[in-house]
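Peer 1: Letter by letter, the chains look like this.
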Amino acid sequence: MSEFILRVNGSERKIDVPDDTPLLWVLRDTLDLTGTKYGCGAGLCGACTVHLDGAAVRSCLTAVSVAAGKAVTTIEGLSSQSGLHPLQQAWIAEDVPQCGYCQSGQIMQAAALLTKTPHPSDEEIVDAMSGNLCRCGTYHRIRRAIQHAASSRAGGQ
Amino acid sequence: MSPISRRQFLVGGAIAGTGLVVAFYLPHHGLHPVGERVFNPNAYLHIAPDGRVTIVVARSEMGQGVRTALPMILAEELDADWSQVSIQQAGASTLFGDQTTGGSASVRTTWEPMRQAGAAAREMLVAAAAQQWNVPAAECTTEKGSVLHAASNRRANYGDLVERAAKLPVPKEPRLKDPSQYRLIGKSMPRLDTPSKTDSTAEFGIDFRMSGMKYAFLARCPTIGGKVASFDDGETRKIPGVTHVAQVGDSAIAVAADSVFSALQGRKALKVKWDDGANKDLSTAAIFDVLRNAANENAVALQTAGDVSSPKGRRLEAAYELPMLAHAPMEPGNCFAHYLGNSCEVWAPTQVPQDVRDSVASTIGLKPEDVHVNVTLLGGGFGRRLEHDYAVEAALVSKAIKAPVQVMWTREDDMRFSTYRPPSVHRVSAVLDPQGSPLAFSHRLVSPTIAGQKGQPGDGGIDPDLKDEASFLYLIPNISIEYVAPSCAVPLGWLRSVYAAQMAFASESFVDELAVAAGKDPLQYRLHLLAEDKEISFFDTKWRSDRLRRVLQLVADKSGWDKPLPVGRHRGIAAFGCFGTYAAEVVEISMQAGDPHVERVVAAVDCGQVINPNILEQQIDSAVIFGLSSALRGQITVEHGRIQQANFDSYPILRNNEVPVIEAYFVESHEAPTGIGEPPVPPLAPALCNAIYSATKKRIRKLPIQNG
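Chains as they are written, first to last, in the working numbering: chain A, 6 to 162; chain B, 2 to 709.
Simulated from the structure, these hints should not be mistaken for laboratory data.
Built from N, CA and C at the ideal position, the CB exists for glycine as well.
Be aware that one or more of the hints could be misleading.
Just some of the chain A residues that point at chain B, by a computed CB distance under 7 angstroms [to be verified]: (1) T26; (2) D34; (3) C50; (4) I80; (5) E81; (6) Q93; (7) I97; (8) D100; (9) C104; (10) Y106; (11) Q108; (12) M134; (13) R140; (14) G142; (15) Y144.
Build the full structure now, drawing on both the sequences and the hints.
Peer 2: So this is what it looks like as structure tokens:
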């Protein structure tokens with residue numbers, strides 16, 4: 006067991022867990038942030054995607070020791086005081102989710118894409134999103150929502 | 002359809018100050034035969050004094066949109082203000098009557114009672130207003146949660162009328178709207194559950210938390226039907242956080258801990274000797290040998306016309322085979338249980354709260370009424386959550402460790418210890434006249450029975466599911482659709498569209514073979530076989546040839562079947578009816594390095610009155626992608642009695658970069674609504690393989706297409 010200081014969604018959290026604990030379980034069990042989902046435990050589905058210093062990572066494969074000292078952002082921390090993230094708004098406008106289980110990971114993956122590439126081409130969207138599985142098959146609406154969010158940003162919000 | 006007479010549909014009632022309550026009964030049709038039973042309401046409509054409308058129903062939300070579609074049906078007849086309407090999930094602890102969600106049945110079975118309940122409440126509110134204003138009820142109208150009396154320019158909100166309305170009798174035969182008056186039904190409405198599924202507040206089974214709870218994983222015998230011989234938990238107990246190790250039944254050992262990671266580590270450290278049992282040599286090859294041999298056994302008839310042995314002409318025959326499949330919902334199996342000695346609290350992502358209640362009760366020795374099942378959101382179902390294994394495990398573990406516990410399954414557990422779509426072998430044959438038109442068509446389905454394996458064999462040895470999934474709608478003078486059900490050691494389950502996907506693949510591929518043999522266009526060949534308007538009775542359903550013809554014409558029209566394709570493109574077509582719905586699809590492909598690349602899928606359905614086109618489009622997209630994953634590469638295999646697939650690398654499902662353009666169309670109709678979650682799955686595989694034939698002249702008779 007080791008003590009870690011984690012900076013999650015802007016606040017510092019002290020935790021005491023084994024070094025090799027995946028960040029996913031720290032978020033879900035220790036910090037009660039259940040918006041991040043377990044899907045495969047092997048980096049194959051993307052349901053557990055969060056941001057580490059703004060970049061999308063699979064929290065099921067990220068040891069808590071690696072995350073310590075970096076800024077962790079989860080779906081719970083994506084919206085700001087001024088309201089939902091433009092992607093969350095776009096997700097609602099395009100009515101993306103079906104069962105909804107994979108959507109936190111999809112949105113976090115998309116958010117990292119838009120941070121790096123504010124106006125992605127269709128090809129860039131598909132490339133960035135192909136590591137995130139959706140068994141309900143919401144892929145087309147995911148693409149549309151990302152385009153929607155990117156273009157609403159272009160409109161200067 | 003329902004064993005309940007219409008007089009018993011509605012009971013009124015209210016507790017002073019709480020508003021108006023209308024209780025009603027929603028039948029379930031399909032998966033479980035419903036016998037005569039005493040009227041017990043299992044759904045409630047509540048209108049509060051502040052005007053809020055709450056509908057309490059036991060239909061599980063697993064992505065299919067029931068929490069939006071069902072309230073729309075009721076709110077339409079109630080003339081409710083949609084912004085005031087919400088739905089609440091009922092648990093098995095408070096309600097009776099069948100609560101199963103499956104068989105594409107939610108809308109088709111609740112359409113009538115939901116409208117009745119809304120219309121009855123509306124009439125009561127109108128009567129209350131008429132009484133209050135001392136005007137004839139016939140002069141009052143309703144809109145958006147208010148009663149209006151135009152002549153005197155008066156208006157009252159429903160909330161202000163509920164006290165008076167609650168004292169009035171419930172109308173026995175409320176008048177339903179003419180479809181031309183619909184304001185909600187048929188409109189694309191946003192789903193009510195979307196915001197919570199976007200901002201992380203949606204709670205799935207896996208998200209349930211209780212203070213002091215443990216997390217547990219089970220080590221299960223990897224060989225089907227095997228048992229625990231002995232185990233050594235010395236290393237497991239050294240893992241910090243591990244609190245309990247307990248054998249659960251004959252074939253599993255539970256490791257419980259204060260955290261998920263400790264429980265996982267604890268299970269990894271467990272040393273178990275397994276007794277592999279009778280299935281240690283079981284293999285996929287052996288399973289299919291059993292099926293192929295059984296094809297020559299006596300069969301039961303599902304559908305017969307004329308005598309297929311009488312016509313003489315050119316005879317064609319073929320055999321088709323389909324593999325086992327896994328559901329692989331994104332949320333792996335899990336269930337929370339808290340055994341309290343005299344009762345048990347369960348939080349389950351389940352399609353069958355009552356089965357969960359009954360199985361848990363009998364397993365841990367409680368009365369069913371002392372098991373309280375709460376239904377969470379489901380992270381996908383596809384039939385997997387019609388099983389209750391995960392809930393029984395959770396209850397057993399909670400009882401064994403005397404603590405509240407969430408039993409979790411890893412993805413590998415979910416893939417290896419699931420129930421699987423049964424494997425199938427199909428023998429099809431036809432006799433053609435000199436013009437190539439079929440005089441006889443035979444289809445023998447050889448596939449183990451799911452219900453039979455679970456101890457619920459259907460009448461006359463016919464798996465009850467086949468009644469919704471095995472009809473043959475082409476008008477051919479001599480038809481024989483038959484069924485043989487050999488046994489199978491692999492645990493079987495219902496997977497999205499169940500036997501329909503198998504029946505459609507064999508039938509619709511073979512009809513394509515016949516069209517090729519006749520030298521005819523595959524669309525025209527099908528339309529010719531549907532040229533007359535006829536009713537086809539298949540068990541409880543009256544199918545219509547003209548409705549299948551119309552979806553074929555619609556899909557042909559929208560896909561541009563009569564226009565030449567771009568160079569390098571090829572297409573195939575297929576159509577099928579199941580769960581009361583007609584579906585047809587055109588799949589366009591290109592061949593890239595010898596592999597089919599699916600470019601475009603056009604789907605057309607006739608599911609009667611469409612409730613919400615937005616959700617319909619979602620369901621068609623979903624079903625097409627689900628069908629495509631299965632057709633291209635879905636297969637579960639067995640070697641040495643063990644399932645070979647484990648995660649999304651060995652059981653790959655379609656990714657964002659692999660999905661084709663999908664276009665969804667529906668026939669405008671005011672017929673009673675029928676299923677939509679499953680019917681667009683079956684035509685996909687045959688339409689795709691027919692396209693591959695068109696491109697390569699190679700007929701695919703065995704799925705998956707990318708075999709190995």
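Peer 1: A separate judgement is required for each hint: does it hold in the structure or not?
Peer 2: Here is how each hint holds up against the structure:
1. T26: holds, 5 angstroms
2. D34: Status holds, d = 5 angstroms.
3. C50: Hint on C50/A: holds, closest Cβ of chain B at ~6 angstroms, below 7 angstroms.
4. I80: holds, 4 angstroms
5. E81: With a closest approach of 5 angstroms, the E81/A hint holds.
6. Q93: holds, 5 angstroms
7. I97: The hint holds - I97/A has a Cβ within 7 angstroms of chain B, the shortest such distance being about 5 angstroms.
8. D100: holds, 5 angstroms
9. C104: holds, 3 angstroms
10. Y106: Since the shortest Cβ distance to chain B is 3 angstroms, the answer is holds.
11. Q108: Cβ of Q108/A sits 5 angstroms from chain B, so the hint holds.
12. M134: holds, 4 angstroms
13. R140: Where the cut-off is 7 angstroms and the nearest Cβ of chain B is about 5 angstroms from R140/A, the hint holds.
14. G142: Constraint on G142/A satisfied, holds at 3 angstroms.
15. Y144: Given a least distance of 4 angstroms, the restraint on Y144/A holds.
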